[in-house]
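So the protein lines, in turn, are chains D, R, X and E. Here the first sequence stands for residues 1 to 351, where the numbers follow the numbering used here. Here the second sequence stands for residues 1 to 351, where the numbers follow the numbering used here. Here the third sequence stands for residues 1 to 624, where the numbers follow the numbering used here. Here the fourth sequence stands for residues 1 to 624, where the numbers follow the numbering used here.
Take the hints with a grain of salt, since some may be wrong.
DMTMM-like, lysine to aspartate or glutamate: derived pairs with alpha carbons at most 25 Å apart [unchecked claim]:
| # | chain 1 | residue 1 | chain 2 | residue 2 |
| --- | --- | --- | --- | --- |
| 1 | R | Lys21 | X | Glu468 |
| 2 | E | Lys479 | D | Glu333 |
| 3 | X | Lys190 | X | Asp253 |
| 4 | E | Lys250 | D | Asp335 |
| 5 | R | Lys160 | E | Asp253 |
| 6 | D | Lys154 | R | Glu333 |
| 7 | D | Lys21 | E | Glu411 |
| 8 | R | Lys345 | X | Glu396 |
| 9 | E | Lys408 | D | Glu56 |
| 10 | E | Lys594 | X | Asp151 |
| 11 | E | Lys255 | D | Glu295 |
| 12 | D | Lys145 | X | Asp243 |
| 13 | X | Lys455 | R | Asp344 |
| 14 | R | Lys160 | D | Asp322 |
| 15 | X | Lys455 | E | Asp578 |
| 16 | D | Lys345 | E | Asp153 |
| 17 | R | Lys314 | D | Glu258 |
| 18 | R | Lys314 | D | Glu295 |
| 19 | E | Lys403 | D | Glu196 |
| 20 | D | Lys345 | D | Glu264 |
| 21 | D | Lys145 | E | Asp182 |
| 22 | E | Lys471 | X | Glu598 |
| 23 | D | Lys160 | X | Asp253 |
| 24 | X | Lys479 | R | Glu333 |
| 25 | E | Lys122 | E | Asp80 |
| 26 | X | Lys471 | E | Glu563 |
| 27 | D | Lys314 | E | Asp253 |
| 28 | E | Lys3 | E | Asp182 |
| 29 | D | Lys160 | R | Asp23 |
| 30 | X | Lys3 | X | Asp243 |
| 31 | E | Lys408 | D | Glu325 |
| 32 | E | Lys408 | D | Asp335 |
No wet-lab data here; the hints were simulated from the structure. Because the structure is a prediction, the values reported are computed rather than measured.
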Amino acid sequence: MTETLPMAGATANVNLAGLSKNDYRGAPSTLCQGCGHNSISNQIIAALYEMNTVPEDVMKFSGIGCSSKSPTYFLNRTFGFNSLHGRMPSIATGALFGNAQMKGIGVSGDGDSASIGMGQFKHIMRRNVNMVYIVENNGVYGLTKGQFSATAEKGLQLKKQGENPYMPVDICMEALVSNATFVARSFAGNPKQVKEILKAALAHEGIAVLDIISPCVTFNNQENAFHSYAWGKDHEEPLHEISYIAPRSEIILEREMEEGEIREVDMHDGSTIILKNLEKGYDPTNRYEALRVMEEAQRNNWLVTGLLYINTTKPTLTSIYDLVETPLNRLTEADLRPARSAIDKVNALMF
Amino acid sequence: MTETLPMAGATANVNLAGLSKNDYRGAPSTLCQGCGHNSISNQIIAALYEMNTVPEDVMKFSGIGCSSKSPTYFLNRTFGFNSLHGRMPSIATGALFGNAQMKGIGVSGDGDSASIGMGQFKHIMRRNVNMVYIVENNGVYGLTKGQFSATAEKGLQLKKQGENPYMPVDICMEALVSNATFVARSFAGNPKQVKEILKAALAHEGIAVLDIISPCVTFNNQENAFHSYAWGKDHEEPLHEISYIAPRSEIILEREMEEGEIREVDMHDGSTIILKNLEKGYDPTNRYEALRVMEEAQRNNWLVTGLLYINTTKPTLTSIYDLVETPLNRLTEADLRPARSAIDKVNALMF
Amino acid sequence: MNKIVNDFSITVGTKNGSGSSTANNTILRSIFKMGIPVSGKNLFPSNIQGLPTWYTIRVNKDGFIARQDTNDIVIAINPDSFGRDLASVTPGGAFFYSDDIKQPITRVDVSIYPMPIKSIVKNDPNVPNDFRDLVGNMVYVGVLAQMIGMDMDTILAALTFHFKGKQKPIDMNFNALKAGADWAKTNLEKKDPFYLEPMNKTDGLIMADGNTAAAIGSIFGGVQFAGWYPITPATSLAEGLNDFLPVLRKREDGKHTYAVVQAEDELAALGMAIGAGWAGLRAMTSTSGPGLSLMTEFAGLGYYAEVPVVIWDVQRIGPSTGLPTRTSQGDLSFTYFIGHGDSHSIILLPGDVGECFDFGWQSFDIAERVQTPVFVLSDLDMGMNQWMSKPFQYPEVPMDRGKILYEKDLEEIKGNWGRYLDKDGDGIPYRTLPGNKHPMSAYFTRGTGHDEYAKYTEDSGAYIRNMERLKVKYYKAAKYMPKPVFHPVKGATVGILAYGSTENAILEAQYQLGNEHGIKADFMRVRAIPFTEEVTNFLEKYDQIFIVEMNRDGQMHQILLTEYPQFAGKMKSVAHHDGLPASATWVREGILAKHKAEGGKPKAATKKKTAAKPKSSATAKKKK
Amino acid sequence: MNKIVNDFSITVGTKNGSGSSTANNTILRSIFKMGIPVSGKNLFPSNIQGLPTWYTIRVNKDGFIARQDTNDIVIAINPDSFGRDLASVTPGGAFFYSDDIKQPITRVDVSIYPMPIKSIVKNDPNVPNDFRDLVGNMVYVGVLAQMIGMDMDTILAALTFHFKGKQKPIDMNFNALKAGADWAKTNLEKKDPFYLEPMNKTDGLIMADGNTAAAIGSIFGGVQFAGWYPITPATSLAEGLNDFLPVLRKREDGKHTYAVVQAEDELAALGMAIGAGWAGLRAMTSTSGPGLSLMTEFAGLGYYAEVPVVIWDVQRIGPSTGLPTRTSQGDLSFTYFIGHGDSHSIILLPGDVGECFDFGWQSFDIAERVQTPVFVLSDLDMGMNQWMSKPFQYPEVPMDRGKILYEKDLEEIKGNWGRYLDKDGDGIPYRTLPGNKHPMSAYFTRGTGHDEYAKYTEDSGAYIRNMERLKVKYYKAAKYMPKPVFHPVKGATVGILAYGSTENAILEAQYQLGNEHGIKADFMRVRAIPFTEEVTNFLEKYDQIFIVEMNRDGQMHQILLTEYPQFAGKMKSVAHHDGLPASATWVREGILAKHKAEGGKPKAATKKKTAAKPKSSATAKKKK
Ligand SMILES: Cc1ncc(C[n+]2csc(CCOP(=O)(O)OP(=O)(O)O)c2C)c(N)n1
Ligand SMILES: Cc1ncc(C[n+]2csc(CCOP(=O)(O)OP(=O)(O)O)c2C)c(N)n1
Ligand code: SF4
Ligand code: SF4
Ligand SMILES: [Mg+2]
Ligand SMILES: [Mg+2]
């Protein structure tokens, strides 16, 4: 019986990289209680821990927003850049040239990527930068207190904002049309799936876009937030001085979803999301199929989750540039400054 | 026999609006001889003339680029705004609120819309602004002398630029995914089709995206530009002082294309474009079909032309705002400044 | 112990997102309704829930309502900031705290009042579980009310206003408040000196925040188009438009005379507004620093193509993202020089909530008259905090749409016009609007070189003529600018020049300098750039002028140096940048330091207060 | 008639896109190779084909090679500008034209030479039809060569260089040229006074444009990452990287030590460069005005997060899109104040092509040493025109990577560091780079408020400390800046301060002022902001200093006023903005006008030239 016991002592709590889960954590979160983003941070920690990734081998990036704050809350030992609103892609693109052996993990929001950041979002897809690009998608601007983002569904009603008259930006369709090489969708309330998709994404060479629906428990709560109290409606505030937040629990599926399964999830705001897992036979290497499924999902208002598309044949941006082995940021003057003799050659070229 | 004669005298040269074709022209073009953009300008003039549109009922817009210069070369009697690189959509969006009865015609380039302008391009689609949005698509930056734009095909080789390693942005797919309500593709060398699509687009209420392939005879001419002269290659310039342009004729189909027809067109640079007209039975109201056709075209490297998608049920941006009949820019102080009594009401609201 | 009446500060330390703003506003409004000059400043984090946040109230019978650096009364509800909060009480002050916080009380020089908030709320059967924290906040208001003498009727009025007369929340909150008051009455013994007593100094005044005022002012200015993108602290300006437009511009037919569009970003927000302004609408956008930076290219287009548009910048502190919830006057020099190439910006500088309203409508008149972007630089303190103000005044002049040619005008001049011709010698050309049916009305606007007829040109002469005209236009536009506000004192030998939200702090400092340090200073608050002749005259007059502002680099000082090199020697920069609303302390100390450096000999501080005190701005204005 | 030798200007008027640049360059290079100081300026439209374009060459034996306002020899090939071209010839000048242009010759005061270009080319059986226009350009070169005495051997050398030794195009072009020369020899009689005679004043010099020089300089600076977006007149800088990196950084293994990425726009271009700079690469971008405006927000991030990056702004004229193909120094004050909030920019100001090379590599040293964006402001004239220059000099100092902590450094200090700690009192903190394996190496960069350890904070104290340190850093960084260049004259009583590409014009004006107007002026060319002490001393020294620049608002003057209020009274702005490369005329007239306004009494112009002439900059430098 002794053979089946786990290894004795401290090693039981470390992974193959010799690190404990703590080595993957960040500062305590300052996001709202119950925010979907926190649950995603936890899965990032878990996935990297389980994949035995060394935190120093990763760079983390974000834009601006509640979602974009979250890299503070994981991977303390990882270099990170909390950049500008909508501009994570360009920062990450440049930074990853610094050391092409490192993997990027980027966290953005729907406002950050689909509104102000649409251009950069689309262009980083085209370039196939080697990073996991997570959109923590809640349909609102959390940090600026609940305006519609470009992924808000048509007809959504929000306090002070009225009704959204526009069709939502579909992050996955956008990624696919821009020839992203890995496209998946998940739901923060389904941590198991989030983690598994994260692992696949981390293993992918190239851009891996994860559209993770991540409820904003504070600002997507207008309609029925107080529905158990008759006077709830009375409490609405005309002069926007108040930002009252009822403490909420995270929305979590009680049971993992089977392939092909359809399930309804009640949100804090009283609305319902229809989750649908991809079918068993679904072939994620077929871009055309992926488009079909997404079009169908959009028409039926389903939230289809799972790995929608993967293409492992396309070179990453840094490999297109055919860089030297040594990380560029370890090169020295000897590598970078042409020899003294080169100056005469150059002057000769000048007439 | 006299009955069938056209009306006598000067009226023979005017349309139902009482205007001659000259009333639709602009300043002489300063674009290169043979540039596809000129041919599109001519069709804009022809389409509006034939549709009896009053030039004062239109606003014209553009960004920056050779293509974006072209609104100078049509519709002298029309208010126009040659804006900033990539920012035509926002200017047009605001301007068309000035008088919601007027139609917008915007001319942009592939660099202007798919590179720097990607964000605004996508968002004007979502808003369904009431305008014809023409992308004069040549795969290069003409005005800055021949760099790759985001619509350049993968593998394209350009002088001084090397080889393009990225997949092209597909203007029509982008428009479709962003829920544009009218999406068409055409070819500047097919003026008849361009004109007919333009007329349909002008008649459409909402955003009509026309992706018109419009060859840049000057900078998409690297490979075989001099192919009839053995020494052509020798003439290449390392220090980019020269911009030699052989005078070229416009690329024009000799014969209009039948529905469903496939035809090869030789370009000045020696490359070939495979044109494919949409099938007879094609249903442009089916968004899913449109996606399928475009995916297929992309896979086969076909240039599928025709009206890809139309949806006439969606409200335009200005109609969502439910504006007064009178154009907003004709309202007066009486309409715009609340009555004197309102000030007390407001002060009362202030505590 | 001497009573201190109507002259102290109160700071409440809570957690963000805990709903304390209703409570704090109730305190503020109640004091205001008691007729006592008061101000409230919300010092909140850039976060939605859980981080420390403070609300600080200044009560001052003389109308000095700038933020006070010291905290006389502190109410501590947040365990995370308890230590800091306790330490921050001035000696002799009062410290109230929620007694579920079990942390050491280390001070013996302050009056300590524990409050059993949780248990009071728990005992109220009318408060549902979910609402305990929220309503709990009312308990501390009740305790405080009891202890300093806040009037229960005015409190009820404040709550009634707050909840728009809806009885259920009013009752629930007022009950909790009363429970707190009752408990305090029974259980607490007054040990501190702070008391409220009714006055009549706020009669006829209103309370509002600058963003709401700006929104309403814009509506009275006939705003027709606003493009915007959310950003703290400017968001509530656009949301104010959304709130008040449907009310103030309601029509019988239910149709709309305006559109407010949330853009995808700030480039598009200003782009749309410029498009609308060009098309003849009264168009605006509102943003803060990062958004303004993104608007740079469009601002240059607006300047060069001469498009009327109003751009509100509600300033927050810092380069880059900085501190999104802290105030500043740090965007001035950037705005002045915004955009590559030679350019000049018209900048309006409201100093209080009333001026946010006034400049709300005036900015459109100026933009259309001068045909150029008009920047209005407010700040977080003015924009988001509640300020006492004279009531908003209905615009006393009709709208000035500037030089527009309609069909009949063109007929009169036989279509003979040029978009950029300087017919009147004031540098301002005539424009036409899309939709004009006259066949000669159209022109093609561009950001590229153009001649007097809006035709494309690269001609040097045309370029220079155009640019020199723009310069003439800019300086001549000074006559349309709001004049500076002048606060003289008798026998002044030096000047103070400032702008924006610092006025209250400077008035107080001006008083202190005069009465305690023997430095008599006239104070001019500049309200616009280009500068009007009053500014020139003011600078001319004194041997020393202190330029006071809330930024690091002395940005107004920099601009004045470029415009008034002849006065360079006597202008002294007094700049401060802590992100907090201005206080008299730093103004006074800053001026004293510079004054001393210049060899000035301030008199020793005199304790005796003179009878003739200058009125504070808000109360002074009421009388006008 | 007196011969005028090596002292005149030539202007060729053609159509854009007609391929005349080979011809014009051949003239320029041939004269250069004859040892005569020469410059060439391309005045081209913002268009690809068909619009009038001019190329103007200044030949001057004394080395005064600024653009000359007058045209001594004009060659007219373009019917569209024929009238203008003819009118532009100075009386006594020469006018060559293509005789297929049938337009009236209205001048009798100039020598007229018709040239049968078309028929000469038609008669050459070796020229294919398509190439007739192109090769036709060589005919006018041949005619001119014959008439003014250009050396055929140097012409052949120029063509050989141009066509990289490829015989076919060399022959075809040289044959056409010779045909032109032969025709002229037989058919034209010399009536004008202009002659070339060989000298040795260009020995050892090279000819290059500033953008190429900047690209090559950057490569010698070890550039590793460039993000860029096409824009005139900056495009050729990035394309220069693409041209020369593969040559100069070729490796045995064919792998690359660099990446040049064409971004989707300028926001992304600078964003990528900042990402790369942050990750430890020598990173840059290059743009012009509109692109710079779009980079504003990122520039602020770079400043506040302290990321080394180099930003080249090759200036063109105008706010907004302006005149994309005209030169200017109009982005200076915008760059200085770029970004909302308090910020300061380090700005390098190269004055010639050699300095474009030098600042190409020095800018990286400065950016990494100071950890901040470094802006290099070149302009279209310097960037795109061919200038004589001393040969590029290999950097004489090793790369300065600034304060970087690697694994071993962190081990030494036991991981005990803070990203924004000012350990050395110079305001410059230490940084680590991603990929550093030390577990204490990582930090989280942000544009939000941060403390010394890069942790998020909203604390006022931390904010002020950080911002004050940034200010210290900025001013202390002056010691890393290139020193100004000083051109003294004997007995100077006034000063001229300028920067950038105006040097040649100012040297000539300086000479004229001294020798013809009795105004002896020392001239300092500033090469960087923050200003070094030499600038202070210079300003201190004279009663009047003329600040000369190519913009409307006197932007350097503005900045100097903010930095040196004590000298405000004596600094006079001389600004000009016609979009053309600087000429001595406007510098001289501008200074005379200001000098007069100040009551200066210039001596009447003296015709007698003094023996001791100052050397022009390019020839002077060669000797160093
Ligand atoms: C240039 C700029 N504009 C606006 C803002 C204000 N801002 C901060 S976060 C945010 C929206 C964030 O929304 P999203 O990306 O969806 O993130 P969430 O908070 O919902 O997670 C905005 C508009 C900013 N920081 N910078
Ligand atoms: C902000 C900005 N960046 C760059 C430029 C330079 N520029 C002018 S036109 C152009 C590209 C135009 O390409 P495209 O839109 O495809 O038009 P085309 O000339 O090919 O018709 C660029 C990059 C500019 N004017 N503004
Ligand atoms: S506001 Fe919404 S998105 Fe932001 S932290 Fe709270 S729950 Fe999350
Ligand atoms: S460069 Fe190309 S796009 Fe521009 S005008 Fe010439 S042919 Fe047209
Ligand atoms: Mg969001
Ligand atoms: Mg193009």
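Against the structure, the hints come out as follows:
1. R/Lys21 with X/Glu468: This hinted pair is violated, its Cα atoms lying about 39 Å apart.
2. E/Lys479 with D/Glu333: Cα-Cα ~23 Å, so holds.
3. X/Lys190 with X/Asp253: Outside the cut-off at roughly 60 Å; violated.
4. E/Lys250 with D/Asp335: Cα-Cα ~10 Å, so holds.
5. R/Lys160 with E/Asp253: holds (23 Å)
6. D/Lys154 with R/Glu333: Given pair D/Lys154, R/Glu333 is violated - Cα atoms ~35 Å apart, limit 25 Å.
7. D/Lys21 with E/Glu411: holds (24 Å)
8. R/Lys345 with X/Glu396: Roughly 17 Å between the alpha carbons, so the hint for R/Lys345 and X/Glu396 holds.
9. E/Lys408 with D/Glu56: Answer holds: E/Lys408 to D/Glu56 is near 16 Å, not above 25 Å.
10. E/Lys594 with X/Asp151: violated (70 Å)
11. E/Lys255 with D/Glu295: violated (43 Å)
12. D/Lys145 with X/Asp243: Answer holds: D/Lys145 to X/Asp243 is near 16 Å, not above 25 Å.
13. X/Lys455 with R/Asp344: violated (49 Å)
14. R/Lys160 with D/Asp322: Holds, at roughly 19 Å.
15. X/Lys455 with E/Asp578: holds (18 Å)
16. D/Lys345 with E/Asp153: Holds. D/Lys345 to E/Asp153 sits at ~23 Å (cutoff 25 Å).
17. R/Lys314 with D/Glu258: Given pair R/Lys314, D/Glu258 is violated - Cα atoms ~37 Å apart, limit 25 Å.
18. R/Lys314 with D/Glu295: Cα-Cα ~18 Å, so holds.
19. E/Lys403 with D/Glu196: Measuring from Cα to Cα gives roughly 41 Å; hence the hint is violated.
20. D/Lys345 with D/Glu264: Violated. D/Lys345 to D/Glu264 sits at ~71 Å, over the 25 Å cutoff.
21. D/Lys145 with E/Asp182: violated (81 Å)
22. E/Lys471 with X/Glu598: With a Cα-Cα distance of about 23 Å, the restraint between E/Lys471 and X/Glu598 holds, given a limit of 25 Å.
23. D/Lys160 with X/Asp253: The hint holds at about 23 Å.
24. X/Lys479 with R/Glu333: holds (23 Å)
25. E/Lys122 with E/Asp80: The hint holds at about 23 Å.
26. X/Lys471 with E/Glu563: holds (24 Å)
27. D/Lys314 with E/Asp253: holds (23 Å)
28. E/Lys3 with E/Asp182: holds (23 Å)
29. D/Lys160 with R/Asp23: With Cα atoms ~48 Å apart, D/Lys160 and R/Asp23 exceed 25 Å; violated.
30. X/Lys3 with X/Asp243: violated (44 Å)
31. E/Lys408 with D/Glu325: Roughly 22 Å separates the two Cα atoms, so the pair holds.
32. E/Lys408 with D/Asp335: Since the Cα atoms of E/Lys408 and D/Asp335 sit roughly 21 Å apart, the hinted pair holds (cutoff 25 Å).
Of the numbered hints listed earlier, those contradicted by the structure are 1, 3, 6, 10, 11, 13, 17, 19, 20, 21, 29 and 30.
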